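Novice: Below, each chain spelled out in residue letters.
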Amino acid sequence: MNYRMLAYSIGRIVMVVALTMFLPLGLSIYYGEGIAKAYIVPIAVSLIIGLAATIRPPKNKGFYAREGMVLVGLGWIIISLIGALPFYISRQIPSFIDCFFETVSGFTTTGSTILADVEKLSKSILFWRSFTHWLGGLGVLAFAMAIFASKDTKTTYMMKAEMPGPVIGKISSKWRYSLRILYLIYIVLTVSEIILLMIGRMSLYDSVVHAFSTAGTGGFGIWNNSIEHYGSAYIEYVIAIFMMLFGINFNIYYLIIARKFAQIKANEEIRWYFGIIIVATALITLNIRHIYSGLPEAFRCAFFQVNSIMTTTGFASRDMMRDGWPMLSQMIVVMLMFVGACAGSTGGGFKVIRAILLGKTARYAVRKAISPRSVYSIKADGKEVSADVRHGVLAYLTAYLIFMALAILIVSLDNKDFSTTATSVISTMNNIGPMIGPVGNFADFSVLSKIVLSISMLVGRLEIYPILVLFSPYMWRRK
Amino acid sequence: MNVVIVGGGKVGRKLVEDFISEGDNVVLIDVKPELCESIQDMYDVRCVEGSGADLAVLDEAETRRADLFIAVTTNDELNALCAVMAKKLGAERCVARVRNSEYFKQLDFMRDALGISMIVNPEYASAGEVSRMLRFPAAINTETFAKGRIELIEFQVNEDSVLEGKALKDINKDFKLKVLICAVQRGEDVYIPNGDFILREGDKIHVTASHKELAKFIRVTGVINRKVKSVMLIGGGRISYYLAGLLLESGMSVKIIEQNRDKCRALAEAYQNADIVYGDGTDRQVLTEEGIDRMDAIVSLTGIDEENMIISMYAKMRGVGKIITKINRESFGDLMEKTGVYSILTPKNITADIIIRYARAMKSAQDTEMQTLYRIVNNKAEAMEFIVTKKSPLTEKKLSEIRLKKNTLIGAIARGNSMFLPDGDSRIETGDTVIVVTTERISALTDILD
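Chains C and P supply the protein sequences, listed in that same order.
Each residue of the first sequence is one higher than the one before, starting from 16 at the first, in the working numbering.
Each residue of the second sequence is one higher than the one before, starting from 87 at the first, in the working numbering.
Quick caveat, the hints were computed from the structure, so don't treat them as lab data.
Bear in mind that the values here come from a model prediction, so they are computed numbers and not experimental data.
When the alpha-carbon atoms are kept at most 25 Å apart in a straight line, the in silico SDA-like pairs for lysine to any residue are as follows:
{"#": "1", "chain 1": "P", "residue 1": "118", "chain 2": "C", "residue 2": "182"}
{"#": "2", "chain 1": "C", "residue 1": "76", "chain 2": "P", "residue 2": "465"}
{"#": "3", "chain 1": "P", "residue 1": "118", "chain 2": "C", "residue 2": "393"}
{"#": "4", "chain 1": "C", "residue 1": "394", "chain 2": "P", "residue 2": "121"}
{"#": "5", "chain 1": "C", "residue 1": "280", "chain 2": "P", "residue 2": "142"}
{"#": "6", "chain 1": "P", "residue 1": "449", "chain 2": "C", "residue 2": "191"}
{"#": "7", "chain 1": "P", "residue 1": "491", "chain 2": "C", "residue 2": "72"}
{"#": "8", "chain 1": "C", "residue 1": "375", "chain 2": "P", "residue 2": "136"}
{"#": "9", "chain 1": "C", "residue 1": "74", "chain 2": "P", "residue 2": "128"}
{"#": "10", "chain 1": "C", "residue 1": "394", "chain 2": "P", "residue 2": "123"}
{"#": "11", "chain 1": "C", "residue 1": "375", "chain 2": "P", "residue 2": "117"}
{"#": "12", "chain 1": "C", "residue 1": "398", "chain 2": "P", "residue 2": "137"}
{"#": "13", "chain 1": "C", "residue 1": "398", "chain 2": "P", "residue 2": "167"}
{"#": "14", "chain 1": "C", "residue 1": "398", "chain 2": "P", "residue 2": "117"}
{"#": "15", "chain 1": "P", "residue 1": "118", "chain 2": "C", "residue 2": "402"}
{"#": "16", "chain 1": "C", "residue 1": "74", "chain 2": "P", "residue 2": "272"}
{"#": "17", "chain 1": "C", "residue 1": "394", "chain 2": "P", "residue 2": "124"}
{"#": "18", "chain 1": "C", "residue 1": "394", "chain 2": "P", "residue 2": "141"}
{"#": "19", "chain 1": "C", "residue 1": "398", "chain 2": "P", "residue 2": "141"}
{"#": "20", "chain 1": "C", "residue 1": "398", "chain 2": "P", "residue 2": "95"}
{"#": "21", "chain 1": "P", "residue 1": "100", "chain 2": "C", "residue 2": "183"}
{"#": "22", "chain 1": "C", "residue 1": "74", "chain 2": "P", "residue 2": "109"}
{"#": "23", "chain 1": "C", "residue 1": "375", "chain 2": "P", "residue 2": "123"}
{"#": "24", "chain 1": "P", "residue 1": "96", "chain 2": "C", "residue 2": "77"}
{"#": "25", "chain 1": "P", "residue 1": "434", "chain 2": "C", "residue 2": "77"}
{"#": "26", "chain 1": "C", "residue 1": "74", "chain 2": "P", "residue 2": "492"}
{"#": "27", "chain 1": "C", "residue 1": "375", "chain 2": "P", "residue 2": "118"}
{"#": "28", "chain 1": "C", "residue 1": "76", "chain 2": "P", "residue 2": "109"}
{"#": "29", "chain 1": "C", "residue 1": "275", "chain 2": "P", "residue 2": "175"}
{"#": "30", "chain 1": "P", "residue 1": "118", "chain 2": "C", "residue 2": "187"}
{"#": "31", "chain 1": "C", "residue 1": "394", "chain 2": "P", "residue 2": "126"}
Given these sequences and hints, build the entire structure.
Specialist: Put into structure tokens, the structure is as follows:
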């Protein structure tokens, strides 16, 4: 393990996070909140740490899969600790573990909250909370890398660990260009959403905060009843459509810009993604049409809910439990939690492409059972999927389920009802946010459960391995 | 510059590494997914899986926007086909590797007929390199500039050499020479030295001078330079084939040991004057019987690095004067240096050097033109030759008034039919050939200005 290089890279990320804190600092001064200290202290601390670690570039630049994994795992934990400081120092969230939970939930774009009353928080703090979603969406390391135009060649290992999906697609021949293109697309989409929300008579501040939360597919709102607060069909549709857009693999947008429509047509994941959204929306609309005033409103609720869960955002336009959605609809929502968004998007979850590959592998297994000598090639996007990738998906599923089971066991110590216990883990691990159960938020969980749930959020966002390896003795062994 | 490379083998990988360090955008095409993955992990490139002769694959690799397209798969015909297709798609320049000796005589015709910019034959290039090394056996390495008017030669300062402990500025004075020591390797470090630099035992020095002055340098500094008259080649592959031709032409006697009967027969047919021996070159008895003790030089060119190394070590033990070892894996090069066998031939590096040189020349500015580029001291420094075609800040002042980049020096200037070593009063004129030695990255002559 090249510790020097590891420290150097973490130092750079910490500095980038410190720089982003100048935004809420400016806001807090603008609104005269008198909590500038809450930002200045973490900025100073991280700049000192960052400068100390990066003042001299390490001689040995060896950086491999091992360092990449640890960097991503440790890096995310460290920035969550730093990102939690403003909440803690401003005393708007009193307990540090709650601050940490909230920040992890922000960076991992989960959107679970321990706050019973969000509206109590000050404007700059709420801004920072949503901004962590935006930063975490495409990845904090990716952000750092897009800013530092470094010549590091070993970036792939980091990107592999941070970017969601079984295989990563590189759109340009150099990482720094690829990442800049992705961030440009990200910024353009975010700004479009801000403008469209403002056309719907949302204030600039509200639009920005909601656009950040949507862009990262996070789900932090600024009202206790989330998007329902606005009671506007237009705003709900804008947000629902943008959630859907941010759940698409960003490479697709690049292909559109580059006018490579043949490659988009060959993309299976996006077809399934839209297919699932359409079918689920249709089923839920029919299922809940009696609860609401008619088909249009039922459609509006169903469409918003499906996109919110499928893309793992977690905004709410209606409270499912309060309105008494039928069990079928509730179960469809739980299933959607498992599918998740597309690989290479800002969304979390298991990822549509993995589900497709699992389905194809299962079909292959059935065929093989009937006719053992049959030779069959599994293709996705018109290309053969190597056995390595297929095994990787199966191994991922296994690790995912084992971790989920363990987390559920630990959380069950809190002795909550079945639905709350199970969906709290499912929801955090898939980076969705809300649970399905009588309790609306995570405030009453024990400290142990909050830690476990924080880890599940990180595990879900970083796709298990970068966090898991931190606990693996094999990783830290000298040789 | 956008570069597309087809084939991620030894040369392909080396090219990826070199172009990345030049700062270019590289896309690699290879049929093997695991190869693509491992290269993409190691280097900042984009890999496209598939055949280089597949239009969809070429399209995905953005071939139409490529400035340079290089085909280095194992298959000559495929390389040619890829290059032709890339050319038609709009790639600016296309390079193909063609190594089959049957095509050797018609390479120029093929290049023009297919519309390819350059055809590289690594084995022929390697053979040329070996024949140069054999002409100056005292040197570890030799390169020539300005059509042979200037030579750049690498020597080692041995113990009790007269050079040991001398400052560079005193060498020419004390020995009445006209040579310039332009790069020194000491251990892992590389120096572009000034006059106060003091040589120590074990230093590897790079010297530029004319052929005549070098011969004098060798005489006065006591480096033994026995002319090579007889050479033994172990392994009768393509390099041996070209090399034998070159050596016979320059009047040396050549003996080739090859353990494949058909290859022996083909070689015997091609070269009536050479001794072709059918036998195992790693067998001591064969080597002894064929007179390894009487040889001035031995070149091990089998396909296996380890065998080449063992043959060379054995030859060293038997006191052969000049030993050249072909090694494909660079990491073994250092190992050989430890055993005292310094002259190493790495064909993939030679191929990559040729292509990089071509790419640099493409990039270089209009006013000067890069003629040749050699990477010396384990690729840590470069020696380049430029022709000055236009007036520039460099041609207006005396050299003492020009501030050069650090770690950069002008090694020699060739004007007309002669060459001279520059001093503070020299001026560069248009039409001159200028040799620059540097550890910095330079693609045009004006880049050497600070």
